[in-house]
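A.B. asks: The residues making up each chain are set out below.
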Amino acid sequence: MTAASLETTKAALTADNIMVRFGGLVAVKGVTFTIPDQSIVSLIGPNGAGKTTFFNVLTGLYRPTTGTVKLGELDITGQSPHKIASLGLGRTFQNIRLFGLMTAAENVMVAMHSHTTSNILQIVGRTRHQRREEKDSREFAQEMLDFVGIGRHADEYARNLSYGDQRRLEVARALALRPQVLLLDEPTAGMNPQESAVFVDFVHRVRDEQKVSVLLIEHDMSVVMRVSERITVLDQGEKIAEGGPDDIRNNPRVVEAYLGRTGTEGSAR
Amino acid sequence: MSVRAPEVVSSKPKSDLAANHTRKWALWFAGIAIAGWLFYTFLVPNLGSGPQLFIRQWMPLGSINEALVWVICAVGLNIVVGYAGLLDLGFVAFWAIGGYTAGWIMSTFFNQIENGFYFLSAAPPNQPGIHINWWIVLIVAGCVCAFSGIIIGAPTLRLKSDYLALVTLGFGEIIPQVFLNGENIAGFNFTNGAKGIAPLDPVAALPFGPATVAIGNAQIAISKPLGPFDVTAKYAMFVLVAAFAVFVSLRIREGRLGRAWLAIREDELAASMMGVPLMQSKLAAYAVGAFMGGLGGVVYAVHNNSVFADRFNFSISIILLAMVVLGGMGNVWGVIVGALLLAWFNSTGLPQFGSSFNSQFGTDINFPSFNYLIFGAILVLMMLFRREGLFPETRTRQVLQEAERSDAEELDGGEA
Numbered sequence: 000m001t002a003a004s005l006e007t008t009k010a011a012l013t014a015d016n017i018m019v020r021f022g023g024l025v026a027v028k029g030v031t032f033t034i035p036d037q038s039i040v041s042l043i044g045p046n047g048a049g050k051t052t053f054f055n056v057l058t059g060l061y062r063p064t065t066g067t068v069k070l071g072e073l074d075i076t077g078q079s080p081h082k083i084a085s086l087g088l089g090r091t092f093q094n095i096r097l098f099g100l101m102t103a104a105e106n107v108m109v110a111m112h113s114h115t116t117s118n119i120l121q122i123v124g125r126t127r128h129q130r131r132e133e134k135d136s137r138e139f140a141q142e143m144l145d146f147v148g149i150g151r152h153a154d155e156y157a158r159n160l161s162y163g164d165q166r167r168l169e170v171a172r173a174l175a176l177r178p179q180v181l182l183l184d185e186p187t188a189g190m191n192p193q194e195s196a197v198f199v200d201f202v203h204r205v206r207d208e209q210k211v212s213v214l215l216i217e218h219d220m221s222v223v224m225r226v227s228e229r230i231t232v233l234d235q236g237e238k239i240a241e242g243g244p245d246d247i248r249n250n251p252r253v254v255e256a257y258l259g260r261t262g263t264e265g266s267a268r
Numbered sequence: 000m001s002v003r004a005p006e007v008v009s010s011k012p013k014s015d016l017a018a019n020h021t022r023k024w025a026l027w028f029a030g031i032a033i034a035g036w037l038f039y040t041f042l043v044p045n046l047g048s049g050p051q052l053f054i055r056q057w058m059p060l061g062s063i064n065e066a067l068v069w070v071i072c073a074v075g076l077n078i079v080v081g082y083a084g085l086l087d088l089g090f091v092a093f094w095a096i097g098g099y100t101a102g103w104i105m106s107t108f109f110n111q112i113e114n115g116f117y118f119l120s121a122a123p124p125n126q127p128g129i130h131i132n133w134w135i136v137l138i139v140a141g142c143v144c145a146f147s148g149i150i151i152g153a154p155t156l157r158l159k160s161d162y163l164a165l166v167t168l169g170f171g172e173i174i175p176q177v178f179l180n181g182e183n184i185a186g187f188n189f190t191n192g193a194k195g196i197a198p199l200d201p202v203a204a205l206p207f208g209p210a211t212v213a214i215g216n217a218q219i220a221i222s223k224p225l226g227p228f229d230v231t232a233k234y235a236m237f238v239l240v241a242a243f244a245v246f247v248s249l250r251i252r253e254g255r256l257g258r259a260w261l262a263i264r265e266d267e268l269a270a271s272m273m274g275v276p277l278m279q280s281k282l283a284a285y286a287v288g289a290f291m292g293g294l295g296g297v298v299y300a301v302h303n304n305s306v307f308a309d310r311f312n313f314s315i316s317i318i319l320l321a322m323v324v325l326g327g328m329g330n331v332w333g334v335i336v337g338a339l340l341l342a343w344f345n346s347t348g349l350p351q352f353g354s355s356f357n358s359q360f361g362t363d364i365n366f367p368s369f370n371y372l373i374f375g376a377i378l379v380l381m382m383l384f385r386r387e388g389l390f391p392e393t394r395t396r397q398v399l400q401e402a403e404r405s406d407a408e409e410l411d412g413g414e415a
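Taken in sequence, the protein lines are chains R and A.
With numbering that gives the first Met the number 0, the residue at position 119 of the first sequence is 118, and numbering never jumps.
With numbering that gives the first Met the number 0, the residue at position 4 of the second sequence is 3, and numbering never jumps.
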């Protein structure tokens, strides 16, 4: 898919003219941004560019001062995070935030909360509905764990998994929300080049097999350039460029604002 | 730092192991409860006066019954504190509401109803007031408390950890005060103030059937209204209520709600990002905990045959919390052991030890007055040497005894 053809497909997520103000400080200044359906999009920018703030607006942690966020056709601006998550926005965290003292399978099953319905009486009474729901949840969790490749660790506490497996578990957990959009916050932080390369393939597989759109915040330019179909660059709260990897690589404003600052990384292959 | 290598592939799923573990503990407790009943019903009356005196001094059934009240409430508090990780310093409020609900609907208190309203009650006929069968009162009081829990929780649960603790502390003070001063609310006597509500209706195991059944030389009360000395029958009924509370808290932890609570306890923000509604789940924890507080309140009122506002003081909340912490936060079985130990120690163990000590050495030390000092010392020692409690939850044992794998690997610069 080329960047041009993406413009015409329908959007999985649309952020329109988002502004976030903290007191006198404007962290995000009127950013408009779309994630086309089943695409892989990256959000980059130097530290302090407002990437994380923007991310938090999408997931409902911050209410934007102005602007709207739409998931598909649905306006989710200012909804609470759990509501937005249940409507189909899954995310992972920059510094892994698993439920450490729950098993891998339980971690995934937590994310299925909004897709299950048993109430207190049904749980205590262990009705047929509740038992079937539990069984289905467990099977689906196992399926998700198998999908990300850690199925044999289903009964391990999340805190005992290796770093790489924890990252995978976070993706499995987010996928259990059955999201339309998956937000990955610096997913390759702490990975070596080989692991990052494997990860790029993994992201493609997630998109293709789980039919989700993926938004990454990422610092590793080689990953960004290889994985993204479209890249949006933020600097000081403003969108300064948007386009395919080649456009971004050659965009003078981007080089000046971002790639230029980090020197050698600017010549990213 | 040495780290025990985590076992990578378990031979059995953890859920199976946990189920076995639960079954083992449940059988133990049921066995002990039944053995206790048999012991006090059949064996104790036939013992010589020496052993009988010893048992009456060190293990009176009355104090065991009171300990069961503590068990019920501690199991309820464990849902709030242990499962969902919400620090509640005002649990006595629910205990009081449950007690007063019992006082209202199973006594002559509302004497405006002159001919009395009876429903399957063991109370003597033709008395004014409301007289409901006590098993139904349990459910009513539980529901009243769950509802109060939601009312109290809705504004307070928006607060985070320490602030939540402070506000619950406030409610734990306010509600007993309301009962203490509720004898004239707009001209209506709600609570009888400091005079309290006494006596309550006598309770019976069943509302119908023969009064008693003889087994050997023991009379087992069936529909006989129980008096203050029918402690064995009350023991059996209180054990059933406690078993119900334990059953509910074990079952509820297995499902989606239990997982949501654990997730909130582990990482609230991440839980909300995974679609767990924080307010709703926390309120559910509060309501279920309060329900059990209500059960405890009714059982306590029946045990004492009265309800007095000044009994519901702050120290009850603290002792309950100490029971949960001592037993092992989050593990129902540990909490039961903690509650039984502390309640027995407080009501019987310490005074008895004191009087034996005093008569042995001719001293005149008022041992029971040192109970809080001793509690404090126990808690400090626990924090120093066994932070996870006597019988910790498997999960918690992990966190307190082993380093987190990623932390340890960062230390030796291993693969990050």
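Be careful, since some hints might not be right.
Said to hold, decoys possible - 30 angstroms max Cα-Cα, derived DSS-like pairs, lysine-lysine:
1. LYS69(R) x LYS134(R)
2. LYS159(A) x LYS134(R)
3. LYS82(R) x LYS159(A)
4. LYS28(R) x LYS69(R)
5. LYS210(R) x LYS82(R)
6. LYS9(R) x LYS69(R)
Claimed, not checked - Distance windows between CB atoms, simulated:
7. PHE118(A) x GLY150(R): 23 to 33 angstroms
8. GLN51(A) x THR116(R): 48 to 58 angstroms
9. ALA376(A) x ARG62(R): 46 to 56 angstroms
10. PHE38(A) x THR126(R): 57 to 67 angstroms
11. ALA17(A) x ARG151(R): 12 to 22 angstroms
12. LEU60(R) x ALA197(A): 48 to 58 angstroms
13. ASN94(R) x GLU182(A): 34 to 44 angstroms
14. LEU60(R) x GLN176(A): 53 to 63 angstroms
15. ARG157(A) x LYS28(R): 53 to 63 angstroms
16. ALA197(A) x ARG125(R): 36 to 46 angstroms
17. GLY77(R) x TYR117(A): 27 to 37 angstroms
18. ARG250(A) x ARG151(R): 24 to 34 angstroms
19. ARG62(R) x ALA17(A): 37 to 47 angstroms
Said to hold, decoys possible - Far from chain A by the CB rule (all over 10 angstroms, computed), these chain R residues:
20. VAL25
21. SER79
22. ARG96
23. GLY99
24. GLU105
25. VAL109
26. SER117
27. GLU133
28. PHE139
29. GLU185
30. ASP200
31. SER221
32. ARG252
What the hints contain is simulated information worked out from the structure, not anything from laboratory work.
None of the values given here were measured: they were computed from a predicted structure.
Each residue gets a CB set at the ideal place from its N, CA and C atoms; glycine is no exception.
A.B. asks: With respect to the beta-carbon atoms only, verify the hint that PHE118(A) and GLY150(R) lie 23 to 33 angstroms apart.
C.D. replies: 56 angstroms Cβ-Cβ, so the 23 to 33 angstroms window is violated.
A.B. asks: Minimum C-beta separation from VAL109(R) to chain A exceeding 10 angstroms: can you confirm that?
C.D. replies: violated, 4 angstroms
A.B. asks: Take a quick look at whether LYS210(R) and LYS82(R) sit within 30 angstroms of each other, Cα to Cα.
C.D. replies: holds, 21 angstroms
A.B. asks: Is GLU105(R) truly not at the interface, in the sense that its beta carbon sits beyond 10 angstroms from all beta carbons of chain A?
C.D. replies: Violated, since 6 angstroms does not exceed 10 angstroms.
A.B. asks: Would you assess whether GLU185(R), listed as outside the interface, keeps its beta-carbon beyond 10 angstroms of every beta-carbon in chain A?
C.D. replies: holds, 13 angstroms
A.B. asks: Decide, holds or violated, for the assertion that all CB atoms of chain A are farther than 10 angstroms from the CB of PHE139(R).
C.D. replies: holds, 13 angstroms
A.B. asks: LYS69(R) and LYS134(R) were given as a pair; does the straight-line alpha-carbon distance stay at or below 30 angstroms?
C.D. replies: violated, 34 angstroms
A.B. asks: So VAL25(R) supposedly isn't at the interface. Is its beta-carbon more than 10 angstroms from every beta-carbon in chain A?
C.D. replies: holds, 24 angstroms
A.B. asks: Below or equal to 30 angstroms on CA atoms is what counts here, so check LYS9(R) against LYS69(R).
C.D. replies: holds, 12 angstroms
A.B. asks: Can we trust that SER79(R) is non-interface, i.e. its beta-carbon lies farther than 10 angstroms from all of chain A?
C.D. replies: The claim is violated: SER79(R) sits with its nearest Cβ about 7 angstroms from chain A, within 10 angstroms.
A.B. asks: Confirm or reject the claim that ARG250(A) and ARG151(R) have a C-beta distance inside 24 to 34 angstroms.
C.D. replies: Taking Cβ atoms as reference, ARG250(A) and ARG151(R) lie about 29 angstroms apart, which means the hint holds.
A.B. asks: Just checking, ARG96(R) versus chain A, shortest CB gap more than 10 angstroms?
C.D. replies: Its Cβ does come within 10 angstroms of chain A, the nearest being 4 angstroms, so this is violated.
Checked against the numbered hints above, the structure violates hints 1, 2, 7, 10, 13, 14, 15, 17, 21, 22, 23, 24, 25, 26, 27; every other hint is satisfied.
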